[in-house]
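Place chains R, G and Y on chain L using the hints.
Here the protein sequences line up with chains L, R, G and Y, keeping their order.
Each step along the first sequence adds one to the number in my numbering, with nothing skipped, and position 54 is 54.
Each step along the second sequence adds one to the number in my numbering, with nothing skipped, and position 13 is 13.
Each step along the third sequence adds one to the number in my numbering, with nothing skipped, and position 55 is 55.
Each step along the fourth sequence adds one to the number in my numbering, with nothing skipped, and position 22 is 22.
Just so you know, these hints were derived from the structure itself, not from any lab.
Each statement offered as a hint is correct.
Over the 12 Å line for every Cβ pair with chain L, so calculated as not near, a few chain R residues:
1. Gly-2
2. Leu-6
3. Ser-16
Here are the simulated lysine-lysine pairs, DSS-like style, with alpha carbons at most 27 Å apart:
4. R/Lys-14 to G/Lys-107
5. G/Lys-86 to R/Lys-86
6. G/Lys-86 to G/Lys-107
7. Y/Lys-107 to Y/Lys-86
8. G/Lys-86 to G/Lys-14
9. Y/Lys-14 to L/Lys-86
10. G/Lys-107 to R/Lys-86
11. G/Lys-14 to G/Lys-107
12. G/Lys-86 to R/Lys-14
13. Y/Lys-107 to L/Lys-14
14. Y/Lys-86 to L/Lys-14
15. R/Lys-14 to R/Lys-107
16. R/Lys-107 to G/Lys-14
17. Y/Lys-14 to L/Lys-107
18. Y/Lys-107 to L/Lys-86
19. R/Lys-107 to R/Lys-86
20. R/Lys-86 to G/Lys-14
21. Y/Lys-14 to Y/Lys-107
22. R/Lys-14 to R/Lys-86
23. L/Lys-86 to L/Lys-107
24. L/Lys-107 to Y/Lys-86
25. L/Lys-14 to L/Lys-107
26. L/Lys-86 to Y/Lys-86
27. L/Lys-14 to L/Lys-86
28. Y/Lys-86 to Y/Lys-14
29. R/Lys-107 to G/Lys-86
Chain R is nowhere near these chain Y residues, computed Cβ spacing over 12 Å in every case:
30. Asp-7
31. Val-8
32. Trp-12
33. His-19
34. Glu-55
35. Arg-57
36. Ser-77
37. Gln-78
38. Thr-80
39. Lys-86
40. Ile-87
Yeah, the Cβ is synthetic: ideal placement off N, Cα and C, and Gly gets one too.
Chain by chain, the residues:
There are 4 protein chains.
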Amino acid sequence: MGLRVLDVGPGWSKASASHREDLTQPAGIMHGGVISSLIDTGIAHALMMTDRLTELRREGGALVSVDLRVKFIRPVSQGTIFCDAKIVRLGRQIVHAEAVVTSEDGKEVARGDAIYMAVPQSQIERQIEQN
Amino acid sequence: MGLRVLDVGPGWSKASASHREDLTQPAGIMHGGVISSLIDTGIAHALMMTDRLTELRREGGALVSVDLRVKFIRPVSQGTIFCDAKIVRLGRQIVHAEAVVTSEDGKEVARGDAIYMAVPQSQIERQIEQN
Amino acid sequence: MGLRVLDVGPGWSKASASHREDLTQPAGIMHGGVISSLIDTGIAHALMMTDRLTELRREGGALVSVDLRVKFIRPVSQGTIFCDAKIVRLGRQIVHAEAVVTSEDGKEVARGDAIYMAVPQSQIERQIEQN
Amino acid sequence: MGLRVLDVGPGWSKASASHREDLTQPAGIMHGGVISSLIDTGIAHALMMTDRLTELRREGGALVSVDLRVKFIRPVSQGTIFCDAKIVRLGRQIVHAEAVVTSEDGKEVARGDAIYMAVPQSQIERQIEQN
Chain L
1 MGLRVLDVGP GWSKASASHR EDLTQPAGIM HGGVISSLID TGIAHALMMT
51 DRLTELRREG GALVSVDLRV KFIRPVSQGT IFCDAKIVRL GRQIVHAEAV
101 VTSEDGKEVA RGDAIYMAVP QSQIERQIEQ N
Chain R
1 MGLRVLDVGP GWSKASASHR EDLTQPAGIM HGGVISSLID TGIAHALMMT
51 DRLTELRREG GALVSVDLRV KFIRPVSQGT IFCDAKIVRL GRQIVHAEAV
101 VTSEDGKEVA RGDAIYMAVP QSQIERQIEQ N
Chain G
1 MGLRVLDVGP GWSKASASHR EDLTQPAGIM HGGVISSLID TGIAHALMMT
51 DRLTELRREG GALVSVDLRV KFIRPVSQGT IFCDAKIVRL GRQIVHAEAV
101 VTSEDGKEVA RGDAIYMAVP QSQIERQIEQ N
Chain Y
1 MGLRVLDVGP GWSKASASHR EDLTQPAGIM HGGVISSLID TGIAHALMMT
51 DRLTELRREG GALVSVDLRV KFIRPVSQGT IFCDAKIVRL GRQIVHAEAV
101 VTSEDGKEVA RGDAIYMAVP QSQIERQIEQ N
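So that you can see chain L by itself, here it is in the shape it has in the complex (with noise of 0.2 Å):
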């Protein structure tokens, strides 16, 4: 889908998308779901070298996706769009985090924001097996 994540710390990220006539609908106007997927990526990137991650996995946890939000601000007919994520509220249940995608020029093309949830490593087996 051509993204690619440029750059990565501990609680944020920049990601970008390039825009492909496959990917256009059929107005001209880049598709929402690469949009999404996009911000997608950049917030897991975010969250990804994280202290609280980082315990959270020793103990064989998780991060885990409770909401993902995209709202889409201005279509997109060309060129790429960039991505960046960051942690707004990292607390020990829960996660907050949002971004912001901007097209070549500079405006806003897009916000999102997801909730995660910690769940150590009890709870997912519980959750797998009552599944």
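Frame of chain L, contents of chains R, G and Y only:
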């Protein structure tokens, strides 16, 4: 990504996604991005056969995404998931749609909703120029 | 504000709000804030009689709001509106609830959803201190 | 409810709400409804002095709420909270606005966003009739 549209009518669709090892997160849980794409695709197909979209397209207009939201209700660790999407309100300017994703054993895995806006041709041209 | 809780059971509630002149916007449309409050109240009452909340409270814990969302589907210009709220998923850590608001003639006016998190007493004390 | 609009300009507003005992939940945490109302009010005031709204009203139209979302980031147990609302994108058809709520010591308590739609007079009349 293994997305399949199973059936479509005016205002509704049924679609599925299959769980593959390469789509899983470390904890063995299906990646949120697959579920988001399934919901996005399902809702887009529910819109496809509506009179409103046919009318808009005949005039050179389009339905454009304003908002997409996904709530992850239960982790999925195996098998196929199914998405039922339907239009909740088809207004002249705004369309609201919703989707429910269930696992093979009928449990709810995720819920999603989307808002679309009807954009006439003149508006599309202006937005692309101004962008 | 004219909110009334009409009926409550474990996992669901029915509530209403009446349209008054002082709650209307210039265009004669019921103010969004009334609908948001009705949904917020309805969902809170749907949680009230659940075993999970009883259990949490016995231990000094609470269900805390993580997220509230309201989609305004149709304008309402007169009469009483009704809110049906129900719990969609009552997990140990996360609770998902939804609400549908209808007008007197049964048309959908709004839809809302909320995410709550179960917080044990120890966690509440820590959060209040750290805050 | 103790809401106060402190300052307003075209595209932004500052508002506050004060914590009172009767607005608290059992656990001593400010009720989510107060925060939602503060965000709703703050965003409505950010729209109030914009040229787009003036123009719409002159023609008998209105800005109508499509969507309101509130994310509760930290519990608040005392004092006054402040809401900074701003318009993120003022399109001809759709307006996106966001708000950040902070406590007295500057910590983020909540984030919210809203989508409004410009409705011309003709459309308002039709919707009220059809409803």
